[in-house]
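> Between the sequences and the hints, there should be enough to build the whole structure, so can you do that?
Chains as they are written, first to last, in the working numbering: chain Z, 1 to 100; chain W, 1 to 166.
Since the hints were made in silico from the structure, they are not lab data. This structure is a prediction, so every number in the text was calculated from the model and none was measured. Check before you lean on any hint, since a few could be wrong.
Computed beta-carbon distance windows for the label pairs [said to hold, decoys possible]: (1) W/T128 to Z/T86: 15 to 21 Å; (2) Z/E94 to W/V98: 20 to 26 Å; (3) Z/T86 to W/V100: 32 to 38 Å; (4) Z/M1 to W/L152: 31 to 37 Å; (5) W/L152 to Z/S57: 38 to 44 Å; (6) Z/T86 to W/P123: 51 to 57 Å.
For the chain W half of the interface with chain Z, some residues (derived, Cβ under 7 Å), not all of them [stated by the list, open to error]: (7) I13; (8) F39; (9) L41; (10) L48; (11) I58; (12) L59; (13) L60; (14) G63; (15) V67; (16) V72; (17) G95; (18) P123; (19) L136; (20) T138; (21) A158; (22) L161.
Cβ atoms here follow ideal geometry from the backbone N, Cα and C, with glycine treated the same way.
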Amino acid sequence: MVTLTHYLVLSGLLFAIGLVGIQTRRNVLMILLSIELMFNAANLAFVAYGRAWGDLSGQLIVFFVITVAAAEVTVGLAIAILMARTLSTLHVDEAGRMKW
Amino acid sequence: MTGAVWFYLFGGIMLAAALCVVFSRQPIYSVLSLLVAMFCLAALFVMLEAYVVAALQILLYAGAVLVLFLFVIMLLNLDREALARLRPFTLRGLGTVVGVLFCVQLIPLLSRAASGRSLAGVPAPPGTVADVGRLLFTKYLLPFELTSFLILAAIIGAVTLARSKQ
Numbered sequence: 001m002v003t004l005t006h007y008l009v010l011s012g013l014l015f016a017i018g019l020v021g022i023q024t025r026r027n028v029l030m031i032l033l034s035i036e037l038m039f040n041a042a043n044l045a046f047v048a049y050g051r052a053w054g055d056l057s058g059q060l061i062v063f064f065v066i067t068v069a070a071a072e073v074t075v076g077l078a079i080a081i082l083m084a085r086t087l088s089t090l091h092v093d094e095a096g097r098m099k100w
Numbered sequence: 001m002t003g004a005v006w007f008y009l010f011g012g013i014m015l016a017a018a019l020c021v022v023f024s025r026q027p028i029y030s031v032l033s034l035l036v037a038m039f040c041l042a043a044l045f046v047m048l049e050a051y052v053v054a055a056l057q058i059l060l061y062a063g064a065v066l067v068l069f070l071f072v073i074m075l076l077n078l079d080r081e082a083l084a085r086l087r088p089f090t091l092r093g094l095g096t097v098v099g100v101l102f103c104v105q106l107i108p109l110l111s112r113a114a115s116g117r118s119l120a121g122v123p124a125p126p127g128t129v130a131d132v133g134r135l136l137f138t139k140y141l142l143p144f145e146l147t148s149f150l151i152l153a154a155i156i157g158a159v160t161l162a163r164s165k166q
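Next up, the structure:
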């Protein structure tokens, strides 16, 4: 019997893996990928809650989360390209100043 | 009972793929593992009867976002050492500890899962395109319009940032 708690625990585990990724990897692209994992954990929790309460709003919020994630990835990857071009590194510890 | 089997199958594959994303040395493998995780998550969405969201998950994440990641990783063409540097024994090992503790805290919840809110008794919300679209253009019209501003700002920001200076 799969209950709401199962989905929420799965979502929490996914979020924790993303958290570990952000705090252990020092590469910009890896950090962005870990952020994507955390976004997806939030999406899973939203859909599971919407399903458990019979409310469609949970699915709609996922649309907005996906949109925000796409915008975030676009700008983040642009910053990563700029970093690789000007500083010739993707290591976040070596990029202390985010200005041109 | 078959639903539980599929849940554990897809959930297990998703967690394994997520671990591969975080701990893979090659960034290409990380992105491809994230693709696997996205597909498993879409399967979970289908099990939750959120069909539109599942389709969008594959179309938008797998089709757009991850392809963008692959483009950038191949475009930057960095060597392997510069890309993947995992140092678990420094202060950042604390991050791992925090994440693991977070996981451990979730385990007692599972013991209470049997008394949790069952999904079988509740009628599923109608997740067809027509229902979702109707709600999107009535109740959530203002946030929907505001996302266009967000995307516009992201486009302008990305073009401005990634443009070459000369």
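> All the hints need checking, so say for each whether the structure fits it.
Status of each hint after checking the structure:
1. W/T128 to Z/T86: 15 to 21 Å: For Z/T86 against W/T128, whose Cβ atoms are near 48 Å apart, the range 15 to 21 Å is violated.
2. Z/E94 to W/V98: 20 to 26 Å: holds, 24 Å
3. Z/T86 to W/V100: 32 to 38 Å: holds, 36 Å
4. Z/M1 to W/L152: 31 to 37 Å: violated, 46 Å
5. W/L152 to Z/S57: 38 to 44 Å: Given range 38 to 44 Å: violated, Cβ gap about 25 Å.
6. Z/T86 to W/P123: 51 to 57 Å: At roughly 55 Å between Cβ atoms, W/P123 and Z/T86 fall inside 51 to 57 Å, so the hint holds.
7. I13: Violated - the Cβ of W/I13 stays beyond 7 Å from chain Z, reaching only about 11 Å at its closest.
8. F39: With a closest approach of 11 Å, the W/F39 hint is violated.
9. L41: At about 6 Å, which falls below the 7 Å cut-off, the nearest Cβ of chain Z leaves the hint on W/L41 intact, so it holds.
10. L48: W/L48 check passes; min Cβ-Cβ to chain Z is 4 Å, inside 7 Å.
11. I58: violated, 11 Å
12. L59: Where the cut-off is 7 Å and the nearest Cβ of chain Z is about 10 Å from W/L59, the hint is violated.
13. L60: Holds, about 5 Å.
14. G63: Violated, because the Cβ-Cβ distance from W/G63 to chain Z comes to roughly 11 Å (cut-off 7 Å).
15. V67: Hint on W/V67: violated, closest Cβ of chain Z at ~11 Å, above 7 Å.
16. V72: holds, 5 Å
17. G95: Status holds, d = 2 Å.
18. P123: holds, 6 Å
19. L136: Check passed: Cβ of W/L136 comes within 6 Å of chain Z, closer than 7 Å.
20. T138: Since the shortest Cβ distance to chain Z is 11 Å, the answer is violated.
21. A158: Status holds, d = 4 Å.
22. L161: holds, 4 Å
When the structure is compared with the earlier hints, violations turn up for hints 1, 4, 5, 7, 8, 11, 12, 14, 15 and 20 and for no others.
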